[in-house]
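Asker: Could you slot chain F onto chain R? The hints should help.
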Amino acid sequence: MSTKGKVKGIIANLVIVKADGPVSQNEICFIQLGGTGLMAEVIKVIGEDAYVQVFESTRNLKIDDEVSFTGHMLEVTLGPGILSKNYDGLQNDLDKMKGVFLKRGEYTSALDDDKEWDFKPLAKPGDKVTAGDWLGEVDENGMPHKIMVPFAYTGSYQVKSVAGEGKYKIKNTVAVLIDTDNKDVEVSMVQKWPVKVPIRAFKEKPRPYKLLETGVRTIDTLNPIVEGGTGFIPGPFGCGKTVLQHAISKQAEADIVIVAACGERANEVVEIFTEFPELEDVRTGKKLMERTTIIANTSNMPVAAREASVYTAMTLGEYYRSMGLKVLMLADSTSRWAQALREMSNRLEELPGPDAFPMDLPAIISNFYSRAGYVILNNGETGSITFIGTVSPAGGNLKEPVTESTKKAARCFYALAQPRADSKRYPAVDPIDSYSKYLEYPEFSEYIEKTISDKWIDQVNKAKTILQRGKETYEQINILGDDGVPVDYHVTFWKSEVIDFIILQQDAFDKIDQSTPVERQEYMLESLLDLCNTDFKFESFTEVDNYFKRIINQYKQMNYSEFKSEKFNNFEKELQSIIEERRVA
Amino acid sequence: METRAFQKIYTKLTQITKATCSLNATGVGYDELAMVNGRLAQVVKIIGNTVTLQVFGGTEGIPTNAEVTFLGKAPTLKVSDDLAGRFFNAYGEPIDGGPAVEGEEREIGGPSVNPVRRKQPSELIATGIAGIDLNNTLVSGQKIPFFADPDQPFNQVMAMVALRAKTDKIILGGMGLTNDDYLFYKNVFDNAGALDRIISFVNTTENPPVERLLVPDMALTAAEYFAVDKNQSVLVLLTDMTLYADALSIVSNRMDQIPSKDSMPGSLYSDLAKIYEKAVQFPAGGSITIIAVTTLSGGDITHAIPDNTGYITEGQLFLRRDTDIGKVIVDPFRSLSRLKQLVIGKKTREDHPQVMNAAVRLFADAANAKTKLENGFDLTDYDERSLNFAKDYSNKLLAIDVNIDIDEMLNTGWNLFNKHFKPEEVGIKKELADKYWPKE
Chain R
1 MSTKGKVKGI IANLVIVKAD GPVSQNEICF IQLGGTGLMA EVIKVIGEDA
51 YVQVFESTRN LKIDDEVSFT GHMLEVTLGP GILSKNYDGL QNDLDKMKGV
101 FLKRGEYTSA LDDDKEWDFK PLAKPGDKVT AGDWLGEVDE NGMPHKIMVP
151 FAYTGSYQVK SVAGEGKYKI KNTVAVLIDT DNKDVEVSMV QKWPVKVPIR
201 AFKEKPRPYK LLETGVRTID TLNPIVEGGT GFIPGPFGCG KTVLQHAISK
251 QAEADIVIVA ACGERANEVV EIFTEFPELE DVRTGKKLME RTTIIANTSN
301 MPVAAREASV YTAMTLGEYY RSMGLKVLML ADSTSRWAQA LREMSNRLEE
351 LPGPDAFPMD LPAIISNFYS RAGYVILNNG ETGSITFIGT VSPAGGNLKE
401 PVTESTKKAA RCFYALAQPR ADSKRYPAVD PIDSYSKYLE YPEFSEYIEK
451 TISDKWIDQV NKAKTILQRG KETYEQINIL GDDGVPVDYH VTFWKSEVID
501 FIILQQDAFD KIDQSTPVER QEYMLESLLD LCNTDFKFES FTEVDNYFKR
551 IINQYKQMNY SEFKSEKFNN FEKELQSIIE ERRVA
Chain F
1001 METRAFQKIY TKLTQITKAT CSLNATGVGY DELAMVNGRL AQVVKIIGNT
1051 VTLQVFGGTE GIPTNAEVTF LGKAPTLKVS DDLAGRFFNA YGEPIDGGPA
1101 VEGEEREIGG PSVNPVRRKQ PSELIATGIA GIDLNNTLVS GQKIPFFADP
1151 DQPFNQVMAM VALRAKTDKI ILGGMGLTND DYLFYKNVFD NAGALDRIIS
1201 FVNTTENPPV ERLLVPDMAL TAAEYFAVDK NQSVLVLLTD MTLYADALSI
1251 VSNRMDQIPS KDSMPGSLYS DLAKIYEKAV QFPAGGSITI IAVTTLSGGD
1301 ITHAIPDNTG YITEGQLFLR RDTDIGKVIV DPFRSLSRLK QLVIGKKTRE
1351 DHPQVMNAAV RLFADAANAK TKLENGFDLT DYDERSLNFA KDYSNKLLAI
1401 DVNIDIDEML NTGWNLFNKH FKPEEVGIKK ELADKYWPKE
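Read top to bottom, the protein sequences are chains R and F. Just so you know, we're using this note's numbering here: the first sequence kicks off at 1 and counts up by one. Just so you know, we're using this note's numbering here: the second sequence kicks off at 1001 and counts up by one.
Chain R with its partners taken away, still in its complex shape:
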């Protein structure tokens, strides 16, 4: 007999329910309002009173309306068919909803019950298995989707039988296991898992070390992120957070892309809906959408579901990671999630922390980031979730609670700078304030030595030094005036400008420039460092600007040309002759 209750108080989407039996923290309940059930989650219990946050508008709700508790936490449904779906924050399939407007209390199933999948067995009778072990595999849009022992199963099991190759629906039994009590347990292709609990079906979680190519030069070259790494992008509005995130999602070397549009503009999600089905995935030749899942909880959708949406996205990521896949998860923006936490904390009348955010915000954020990572599965295969979140700092001030808490949790920091955005230097990632902790990992250096070159990290640091020195010189020139400093100062400054223009700046809307493979990045960085090591002869500072502008223009044309194409080589040749004009032998 499940617990029932009655509404006792209503303050916006916080409802107080008097329960007639046991309720647990984070349990899901449905509030009956004129024939529809509104989904809600328990967030506090005092005596018999359960405080629930409703994932819908509470308009017209009345005292004494009936409530039924479900006995479980907020869950997602896991199985083949998740890819290329557009879900809301609670994993309702948005495409299955009728009408133009969202209807309150309308919940749709996450997967397609009637679709048939080509199943191939992987386990055989007699195998000893535990939660997360692979029993079989179906082809999901070209991805090997593993059918696993459900994560909720504890202890070890023995495989009794696995279905043979063939077509099955998600609810068909595809394997029978025997538990320790010798009882048969039937396994289908679909399972459920509570979103707020991490899936821990893996052997270990070592430090990540493999470079994750994003094709974005300012990331890959200067502050690389790794498979299973974490990063965040804070920036005031108008600095290109979303454009940068979209670029990463389109180009990164990941098997699965999960985008959580969390409390952001609906038209931006529409852009993904419109573009991703058109965009070709260079690696598979298929459409990008086929390996992407979008969780859309736009800013006008109920705020409690916004809080759930990032957890929903992360859980889907963990599911695919358990299949040995490389998952890239993006959340735009985690500040909106934090604000959802703030709204609830406020209604619960909790004592506020800084800027009225809940006191445990740093803990919640670091706990969430810790769910990303590179794992070795029980069978020795590896999988990863690389997580990049954007942060929208209030007033563009990075000294606010969400940015500061995230800084403690994420290992890469891509600071978007307003001055760079103002001068249209996109992506506006500040090369000096940003960092990647992975550059300091010995595992990472070792990996880079093997895969790129043993000089790479050294070169990256050199480029960073040149940028830093360029900035300092620029300040000096500004104070002392163009002719108040030696000509050398201008040369130093312009060398850093070349790196800025050619590596840092990248045209996200140009077909070729938008994505640069690491091999090409290496080539360009080497060429640029050669240039920076070259001595030039100038009579006066007025010659310096024009000369380097020509060099920049030449390099830019190279960036816009196919790598090592005839065009590219010609531009490079012309570049060499420009360099020779003023080179000091």
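Don't read these hints as lab results, they were simulated from the structure. It cannot be assumed that every hint is accurate.
[Stated by the list, open to error] Derived lysine-lysine pairs resembling BS3-like cross-links, with alpha carbons at most 27 Å apart: (1) Lys-1429/F / Lys-564/R; (2) Lys-549/R / Lys-1419/F; (3) Lys-1419/F / Lys-567/R; (4) Lys-424/R / Lys-1396/F; (5) Lys-1230/F / Lys-98/R; (6) Lys-556/R / Lys-1430/F; (7) Lys-98/R / Lys-1073/F; (8) Lys-4/R / Lys-1045/F; (9) Lys-407/R / Lys-1261/F; (10) Lys-62/R / Lys-1078/F; (11) Lys-1274/F / Lys-1119/F; (12) Lys-549/R / Lys-1429/F; (13) Lys-103/R / Lys-1261/F; (14) Lys-1045/F / Lys-18/R; (15) Lys-556/R / Lys-1435/F.
Answerer: Same frame as chain R, but now just chain F:
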């Protein structure tokens, strides 16, 4: 508001604050409307038998034995084609002396559009103002505010944009308008003979501030009627959203909520997003475009209201007085229309993106030259020319009194390039320069 027969009348208030009152009542729905001694109120909190009402007109003079009746519904608006040409107050009651509008009664603040049902905005909205059409092109289904200081002529610019934009309906949501500004809008719309496609919901400074909270939802409910039921393109003007946010903070303060940044309620982002996200391109062809005004104090855009707005809207427009030409211009550096990429060079001439970028870049060169001049450094010939270009550019394109079509703006751009620069200094793609650079 009509009353229903056999209505239960409550006569005992247990608590009165400046904006709210509480009483014991049963069977009350959340968000439901009530009348408190003839003043409209809405349920904002129910704990057991205690119902807290937010009284829109304020609680001045409300006695503890005030008569309270519940209306059994959330705030509604009667929608029909008869709305066109009319002026209403925040409750949707006519204030122009005309009869009440008959039609289907709809709850305001309705549900959100399913994001997968939205269409990507793609229709250009021309205003004739080059600072907008050329540099910050507006697109139907967009939401964009003017960030303006209170002394800037944003109401004039909005009225101008409204009248020139080729939309089927224009809906004005006025919050805390001064009576003078209200009359200004009324006159402008009247004189333009455009009254039949304009609907206004107005709360002036003479009305209680909390009433303002209803205005955007009223305006947008009317907008949804025309955009969804009639497939029309609707332009909604909301002025001034800062005063709306101030009203939110008053209410949250009275409800003992803990304020976050700048004394604003912690839910400010969601509250504003609920309004702005009503901007949408519907699949059947109708659209709602929102142009709003957010007044700044001392140009500070880090204040919670403009800051949250900026994260929600698709760009922002800044006005600035250009002292070199003595006119108000649309600031090309700080203004941004995020959706312009969807139309420029596609719905407009191919050279649009390049002309736009080149002109802004040259204008930036002029700004640098000006700094040099102010710091006492010598100017080069290029600096001089860019300063001259900037003056012409401000005068002929950026000034808000410009009214030309987009092709003419582009031609003007090319003529100014030709007058002040050599092609290589402008740095436009060669094919375009060959085609459009004015021949001597």
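Asker: Hint by hint, say whether it matches the structure.
Answerer: Hint check:
{"no.": "1", "hint": "Lys-1429/F / Lys-564/R", "verdict": "holds (23 Å)"}
{"no.": "2", "hint": "Lys-549/R / Lys-1419/F", "verdict": "holds (24 Å)"}
{"no.": "3", "hint": "Lys-1419/F / Lys-567/R", "verdict": "violated (34 Å)"}
{"no.": "4", "hint": "Lys-424/R / Lys-1396/F", "verdict": "holds (24 Å)"}
{"no.": "5", "hint": "Lys-1230/F / Lys-98/R", "verdict": "holds (20 Å)"}
{"no.": "6", "hint": "Lys-556/R / Lys-1430/F", "verdict": "holds (15 Å)"}
{"no.": "7", "hint": "Lys-98/R / Lys-1073/F", "verdict": "holds (25 Å)"}
{"no.": "8", "hint": "Lys-4/R / Lys-1045/F", "verdict": "holds (23 Å)"}
{"no.": "9", "hint": "Lys-407/R / Lys-1261/F", "verdict": "holds (21 Å)"}
{"no.": "10", "hint": "Lys-62/R / Lys-1078/F", "verdict": "holds (25 Å)"}
{"no.": "11", "hint": "Lys-1274/F / Lys-1119/F", "verdict": "holds (19 Å)"}
{"no.": "12", "hint": "Lys-549/R / Lys-1429/F", "verdict": "holds (16 Å)"}
{"no.": "13", "hint": "Lys-103/R / Lys-1261/F", "verdict": "violated (33 Å)"}
{"no.": "14", "hint": "Lys-1045/F / Lys-18/R", "verdict": "holds (17 Å)"}
{"no.": "15", "hint": "Lys-556/R / Lys-1435/F", "verdict": "holds (23 Å)"}
Violated hints, in rising order: 3, 13; the structure is consistent with all others.
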